[in-house]
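A.B. asks: Based on these hints, arrange chain U on the given structure of chain G.
These protein sequence lines map, in sequence, to chains G and U. Using this note's numbering, the first residue of the first sequence is number 1, and each one after it goes up by one. Using this note's numbering, the first residue of the second sequence is number 1, and each one after it goes up by one.
Be aware that one or more of the hints could be misleading.
[Unchecked claim] In silico contact screen, one side only, chain U against chain G (beta carbon under 8 angstroms); selected entries: (1) T147; (2) R178; (3) R260; (4) R263; (5) G267.
These are computed hints drawn from the structure, not numbers from a lab. We treat Cβ as the ideally placed atom computed from N, Cα and C, and that holds for glycine.
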Amino acid sequence: MRFYSHILPNGLEVIAECSPSAFSTALGFFVRVGARDEPEDISGVSHFLEHMAFKGSGSRTADDINREFDEIGAVYNAMTSYDSTIYYAAVLPEYMEKAFELLACLIRPAIRPDDFELEKKVILEEIRMYLDQPPYGIDETCRRRFFKTHPLGQSVLGTVESISALTPEQMRMYYQQRYTARNIIVGTTGCVDFDKLVALAERYCGDLNSEENERIQLRPDPAFGTFRHHKPSATQQYVIQIAEAPPATSPERFAGRFLTAIVGSSTASRMYWEFLDPGRADSVSLTYESYEDAGIFVTFLSCAPEMLEENLERLRKLYNQLETEGVSAEELSRVKNKMAASLVLAAERPSSRLFAIGSERLTTGEYRSVEEELKIIDSITLDDVNRVAEKYPLSCNATEIIGPMPQGSS
Amino acid sequence: MTHLIATKLILYYRIVCFKATAFLLRMAQLARETAQDRFHGFRQAGSRKVAPVVSQPESQFIHRFDNGLVLLGESMPWLDSVGLALAVPAGSAFDPEDRAGLASLTTEMVLRGAGSRDSRQFLEDLENLGIIWSEAVSRLHIVLTATMRASQLSEALPIFADVLLRPRLPREELEPARQGLIQEIRADRDLPEVKLRRELRRRCFPYPWNRPTQGEEETVAAIEWEDVRDFVDQHFRPDGSIIAVAGRFDWDETKALVERLFRDWTGVAPSPLPWRWERERVKHVPYDSQQTHIGVAYKSVPYDHPDYFLARASLGVLSGGTSARLFMEVREKRGLCYTVQATYHVIKNMAAVFCYSGTTAERAQETLDVLLGEISRLKEGVQSEELERVKVQIKSSLVFEQESSASRARSLIGDWVLLGRVRPVTELKQSIDALTVDAVNRFLAENPPEDFTIVTLGPHALEVPREVL
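Looking at chain G on its own, in the form it has when it is part of the complex (with noise of 0.2 angstroms):
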């Protein structure tokens, strides 16, 4: 696999990592834009933009764009987090110039007033959908909570409220402001001709707007504490929890990965054989979220009402003795085995590569091989591990818990 960089003189980069004999190429166009980006009385545009995306751009219509993806048999989508917008196709390599024309058209969107308001409802759906499932939102309220003023603690999603009255001039101006060349990274793995891909993207993304749109950067100030949701309808109780981690930036966030897998990966980590194995819990995990200026430890639980309250005290005790004893030497060396043979063996699939190298390009404007991957996860010890578990205290955490079981907050 080589890898290829060019910047075009508006700014906008274009990344390839490129494997010859793959029978596949996935591209996509990774955005500066999300969630923590918007005002706040346009929650929730970020996402509303990207399925605008899907409604047409010049003399395209969102029949044209839906019958052209499916014309070259692309697995495509796009998607919106708190920091990025991703739109990406897996294609055929023959299709490739199709696809980038596609996805550059998409990344241009008309934003036309019919489409606008029959999109709307498609989005008040999605609202109503994950409000249906749980964690019922609680997942947002947490956030909220723990990272009060700061951007990342804006919702994706937005709210019925501010999604009905947002306007498509709101919609343009946000655009404009954001998807500007240098906020916008194409990246390509598989089977790529990095010249041609140049080619194209001058073709169809020299003309972008190359202003400078600084994001607002901050150091949070997170707040703690635990709070309690009352649904009576619910069979399960689920419980929020959100520490701080290393951002996305820090040298730590390596061991960051490793503390994750440790404590929280699905098969024989200290949360498997403490809830899982048991029979305590019908869910348990723990995930690292990072970004440029914070990060987070993500702790979800899922169980039945009447355990909760010895399965809060099992994770408080488990999180005690994670930052006054660590972790074992057995433990890290087991985890290192799994990560580099799961970076591996993901590795053989273009599409999920895509994912890994364009949004480390996006985030930290670093590119790693999986060769240097490796080397890294070689080269973590049990100190970094060690480290970041006492820095980063999992027991100090915003908490919020919802479920049959009456309100109340502690």
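C.D. replies: Frame of chain G; chain U shown alone:
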């Protein structure tokens, strides 16, 4: 348990997608669905660039050992990995009526230590070897799937052989395993879409194929340790078991190793329980939710039917992409929903199409009406552009599968179970190429979607037009 974490994880990890077939969601669903329920037909080779190595029948291997165990192989030398799938005929269709969930609980138990390893040693050894694996219970089989670097197949096979031949079934682990399973059953009640699909399945497939694989809380509570032991004793048998290997491996070495590991295994697994139909075809399930969830099912032809690809193609026209009819009419033109889709479900000798949408209660009636209208309109035929798009999509998917050794291994097992052979990749490609509008339209005229099973879940019942029943 592995896959359940994935399912839940994405629920709070708020990356919101344009359409519902998000990569993670799909992965989680695939892990949960059964080997033979899974999307068939969307596979095989066919990249114009590499077709010669990909699609030669000589890259496929089949061997049946004297004890009845079948070993299937497909060489994919362009990969560095190897995918392994092991299926034993111990699926949920074999669960006794008052012990529904026995296959699922047995799966939990056989993974709690086997041969020389206790439960901790078993999981830790697999992690140390860097083997990514998961378990699934289908209606016919318990399936273990693993992906690993090619060099590790010879270390992984003996570990999984212990699970099939020498599970320890520790008595003291029965209660924790049962509690875990009961909690999973309870957690699914909080997922309206899962609950809806379960109610739909109950009414459009015959017993025992229509039961949820996990069983019910009461029947799981009734299972005793002896039930698990007897189930393993009867069903963990070579005649009816299949092992599939796909990716980079040496066939002769693998065959010799499997023979050595499994040659002392004997016996034949019993047949599933006799069929029985439930006759209730329309049902509303009251549920405290903002959205109403709508499920419509109709019969289709099974995987081994000569018209299978015609049925698959017509499903593609209905719901094969964002230009397909359901997405266009229900979401794009009317904005009625976020999710609308139709999927093919196959069991042996039988198949059904499940259509699903979730929408705000006030707009649910219109959604049901549009959904039924589009499904019924299929009998009027498809257009050639629609069919061409479906053909390209299927052929692309077949190439994507060539990048995943584990999913190819699972497909080999699906073929063997449903066809009694492995469909060569060239044959699959030819079947897709040979599809014509006339043939699809003739099929639809002769087999129009009808006799619907309709289940809704939400705050209010909907009007179901009598003429569609």
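A.B. asks: Are the hints correct? Go through all of them and say.
C.D. replies: These are the hints, each one checked on the structure:
1. T147: Constraint on T147 of chain U satisfied, holds at 5 angstroms.
2. R178: With Cβ-Cβ at 7 angstroms, under 8 angstroms, it holds.
3. R260: 25 angstroms, violated
4. R263: Hint on R263 of chain U: violated, closest Cβ of chain G at ~30 angstroms, above 8 angstroms.
5. G267: 30 angstroms, violated
Going down the numbered hints, you'll see the structure goes against 3, 4, 5, while the others check out.
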